[in-house]
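*Asks:* Sequence:
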Amino acid sequence: MTERFFLYDDKEDTKTRFVSFVGEHQRFDLAIIQTGRHYGKHLVLDMQGNRFAIIGQDDLQEEGYLEFAFQLNEADAEELRSFLMEIV
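Read in order, the letters of the sequence shown are residues 323 to 410 in the numbering used here.
Since the hints were derived computationally from the structure, they do not count as laboratory data.
Accuracy of the hints is not assured; some may be wrong.
[Stated by the list, open to error] Here are the simulated lysine to any residue pairs, SDA-like style, with alpha carbons at most 20 Å apart: (1) Lys333 - Ile355; (2) Lys363 - Arg349; (3) Lys337 - Lys363; (4) Lys337 - Glu389; (5) Lys363 - Arg403; (6) Lys333 - Ile354; (7) Lys363 - Asp332; (8) Lys333 - Ile376.
Please model the complete structure; the sequences and the hints are all you need to start from.
*Replies:* Structure, rendered in structure tokens:
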């Protein structure tokens, strides 16, 4: 067996916020992780949908990004976008 080659193996302190809210048609259970790792962007985990994305203000303004990343319809994505605009 050969020795494992790591591209990186870092430890970092993070700030995590767990939030749950109900939209018009869907419940959102999120973990929002702040770290210096992603250039000021947040790691957003959808714990109900088993999906995640690295999100910054630029991503929230990109058409279709949340729909694709979290497999949401337009209305649900807009509710999530509205919430994330307040914290990202």
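*Asks:* With reference to the structure, classify each hint as holding or not holding.
*Replies:* Now the hints, each set against the structure:
The suggested pairing of Lys333 with Ile355 holds, with an alpha-carbon distance near 14 Å, which does not exceed 20 Å. The suggested pairing of Lys363 with Arg349 is violated, with an alpha-carbon distance near 23 Å, which exceeds 20 Å. Annotation: proposed proximity of Lys337 to Lys363 holds, straight-line Cα distance about 12 Å (limit 20 Å). For the given pair, Lys337 sits about 26 Å from Glu389 by alpha-carbon distance, which is inconsistent with the 20 Å threshold.
The straight-line distance between the Cα atoms of Lys363 and Arg403 is roughly 14 Å, inside the 20 Å bound, and the hint therefore holds. A threshold of 20 Å between alpha carbons decides the hint, and for Lys333 with Ile354 the separation of about 18 Å falls inside it, so the pair holds. Taking the CA atoms of Lys363 and Asp332, the gap is about 18 Å. The hint holds against a cut of 20 Å. A threshold of 20 Å between alpha carbons decides the hint, and for Lys333 with Ile376 the separation of about 18 Å falls inside it, so the pair holds.
Against the hints set out earlier in the document, violations occur for numbers 2, 4.
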